[in-house]
Amino acid sequence: MNFEFSEEQQMLADMVDRFVADRYAFETRQKIMAGDGGWSRENWSALAELGLLGLPFAEEDGGFGGGGVETMIIMTALGRGLVIEPYLSTVVMAGAALRNAASQEQRAARIPAIIAGSHIMSLAHQEPAMPRHSFDVATTARRAGEGWRLDGCKISVPHGAGADELIVSAQTEAGMALFLVPTKLSGVDVVRATGYDGTPLATMTLADVALPGDALLGEPGQGEAILARVFEETNAALVAEAVGAMRETFDLTTEYLKTRTQFDVPIGSFQALRHRAVDMLIELELSHSMAILAALSLDLPGDQRRKNISAAKVQVGRSGRMIGQEAVQMHGAIGITSEYKVGHAFKRLTAIDALLGDADHHIDLIADADGLAA
Amino acid sequence: MDLDFTAEELAFRDEVRSFFREALPDDLRAKMIERRHLEKDDIVRWQRILNARGWAVPNWPVEYGGQAWSPAQRYIYQEEMALAHAPEGSPFNINMIGPIIARFGTDAQKDRFLARIANLDDWWCQGFSEPGAGSDLAALKTRATRDGDDYVINGQKIWTTQAQHADWMFALVRTDSSGRKQQGITFLLLDMKTPGITVRPIETIDGGHDANEVFFDDVRVPVENRIGEEGRGWDYAKALLGGERSGIARIGLSKERLIQLRALERDLAERGMLTGRERDRLRRKLAEVEVELRALELTQLRVVAADAHGAHAGHAASILKIKGTEIQQRMTELVLELAGPAGLATDAQAQANTAGEGWVEAAAPFYFTMRKVSIFGGANEIQRNIVAKSILGF
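Line order of the protein sequences matches chains A and B. 19 is the number of the first residue of the first sequence in our numbering; add one for each residue after it. 118 is the number of the first residue of the second sequence in our numbering; add one for each residue after it.
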């Protein structure tokens, strides 16, 4: 049992913490969000130069072979800074699909470009008529000679508007499958939307889009299994990001309790607020523990891995809501202005719960599986 | 980073597990599983079995019979004890007065008391709380006046757990009222057979008689039964707080209860007594509490690991106590809900009503009695005060 980082992991943590401290002051983030595209290509290049974009990819693909703990370290730091560049979309989510399902040729055509910072990808799965979180897509993929024809609509695609290529889930005759779809292709229409958490989103329409045979990721019918794995890796990363956002929220709140004066005393002297701050810390520590569990579960056998990651998503969903709401409440009116960081952290925590199965969704999975024990 | 115990720790776990399995008397195990009341003799019997194995007081210094276990081993020991349905023994003997005498006592006090404490030859109770001194313990007023080689005690203690069984009491008494209220408190050891001590039982909401009032009327205590210096009792009592952290969240206990709840859920479902929406709802509630318990367990293990590195986070014990007790209480709520109206009768007739299913009649008393865990040992609100001071700095 060991909860310490290795020396290399500690160096990584220091590096990414420094990146966030140097480049992600809250005012800078506000400017980036208001700018073209809603995120910063310059920051993305900086992340590439630091080698962070290659971290979770295999060494044979040009990456560093990092595992769950390394991704946790990065995502926690990015969560603290509320970083809006497409790390989760490109490196974690699309990256997981490539790592787990792409052929050698498919990987060689993309991963080096991702690592260099020149190829932005994401996953287009959610649809207008879909339940909150399921594999049940209406988008279709028909065989057309050697290739495929895709029709459908995808919503809430994170970083979809700035992406060069999207991984699209679609029904084939043999079941669900995943396709690599360049956004410039004829018949692909990508319209930008903005998420309440600041994440640039996109609505994607596919109208009889012609794809070559090598656009298929894995085999027809494997889509669900691949996506399940992608969601596990992404949820483990989301949970770590949430812990970073919660820690920042907690620190801002305790700082405010110490410095904000009302009735001639710091408001942190009032027991009603002191005890609630303690409850926030408890939720934060429980979530931190579960982020570690999720990160260390990625290499476990399927059943235990799934349950552990679901449990972490439950904890973070519940804790993130509590910490976000309490932070806003204790800040008072300043907590609900767009000019202050706490409200933005609250929004990101809210979005994280909504993504890839909220707390209730994952509770049901655990309940149906008769609990966490293997 | 990894969450696995080492090979040595796993071997230790196996050793502890098989010892508990073989050494715990069947009648005690049955009582524990059904949450029936343990008699004094039950606890003494088990403590002596542990003591014969050398494991009665593992948290003590080795020279007084303790074990040089790592925090991880201590955690494993406590978890296995709970999973084996073994009683925890007397916390007043094992976790409180033993370590205090070992650390602050004179050689004569160590010789006289420690071996008897470990073997439960003497049953100890704790004389801390008073009618006017609960959370504000330092407000205590029980008075000790020096008279030759004795102190003469007058006053009253209350909520004294199991004072009716006790041979000895360790008590905080006031020897000086002139300074800050934390000063002038003295730590004394009292023979419960001393003339002038009256023990009066208090019935608690679970129907039990574990709590007592203890009155002192000119009770003479020899000065040699004082711990450390006069007036420094508060420091000695405080030195123990937060000291023993590997078991404070009582993870093993809650795990054992969760296992029981799941078995109960399956059993009732098979017999058609838990169906449809009701069953789904219970399964979701169990999943919720299991997630919290897993998160708390890992948090406890993080503290255990930090302790092994000597990296103390001062307020960790309070956090573990708050969340640990909340989860313990949650477990009792779920059992109570499962028992439903069948759990209303808890007297002799209950056995007949529920066809000998001990858990049904024990559900309500257990629920009621477990309300105490967030009150004693520093109420959870006091724990929150401790943590708040640590994170806010004032």
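Simulated from the structure, these hints should not be mistaken for lab results. Mixed in with the good hints there might be a few duds.
In silico lysine to any residue, SDA-like type, Cα no more than 25 Å apart, as pairs [stated by the list, open to error]:
hint, chain 1, residue 1, chain 2, residue 2
1, A, K276, B, K372
2, A, K365, A, A391
3, B, K372, A, K49
4, A, K49, A, G353
Part of the chain B face toward chain A, derived, beta carbon under 7 Å [said to hold, decoys possible]:
hint, residue
5, D119
6, A256
7, E407
8, L415
9, I436
10, L509
Where a beta carbon is used, it is the ideal one built from N, C-alpha and C, also for glycine.
Tested hints:
Between K276 (chain A) and K372 (chain B) the CA atoms are separated by roughly 38 Å; this puts the pair beyond 25 Å, and the hint is violated. The straight-line distance between the Cα atoms of K365 (chain A) and A391 (chain A) is roughly 33 Å, outside the 25 Å bound, and the hint therefore fails. For the hint linking K372 (chain B) to K49 (chain A), the alpha-carbon distance of about 50 Å lies beyond 25 Å, and the restraint is violated. Of the supplied pair hints, the one linking K49 (chain A) and G353 (chain A) holds, its CA atoms being roughly 20 Å apart against a limit of 25 Å.
Residue-level restraint check for D119 (chain B) holds (minimum Cβ-Cβ distance to chain A is 5 Å; threshold 7 Å). The beta carbon of A256 (chain B) is not positioned within 7 Å of any beta carbon in chain A (closest approach about 18 Å), and the interface hint is therefore violated. At about 5 Å, the closest approach between the beta carbon of E407 (chain B) and any beta carbon in chain A falls short of 7 Å, and the interface hint on this residue holds. Checking L415 (chain B) against chain A: minimum C-beta separation of about 4 Å stays under 7 Å; hint holds.
The closest approach between the C-beta of I436 (chain B) and any C-beta of chain A is roughly 5 Å, which is under the 7 Å cut-off, so the hint is satisfied. Using the Cβ-Cβ criterion of 7 Å, the hint placing L509 (chain B) at the interface with chain A is satisfied: the shortest such distance is roughly 5 Å.
Hints 1, 2, 3, 6 from the list above are not met by this structure, while the remaining hints are.
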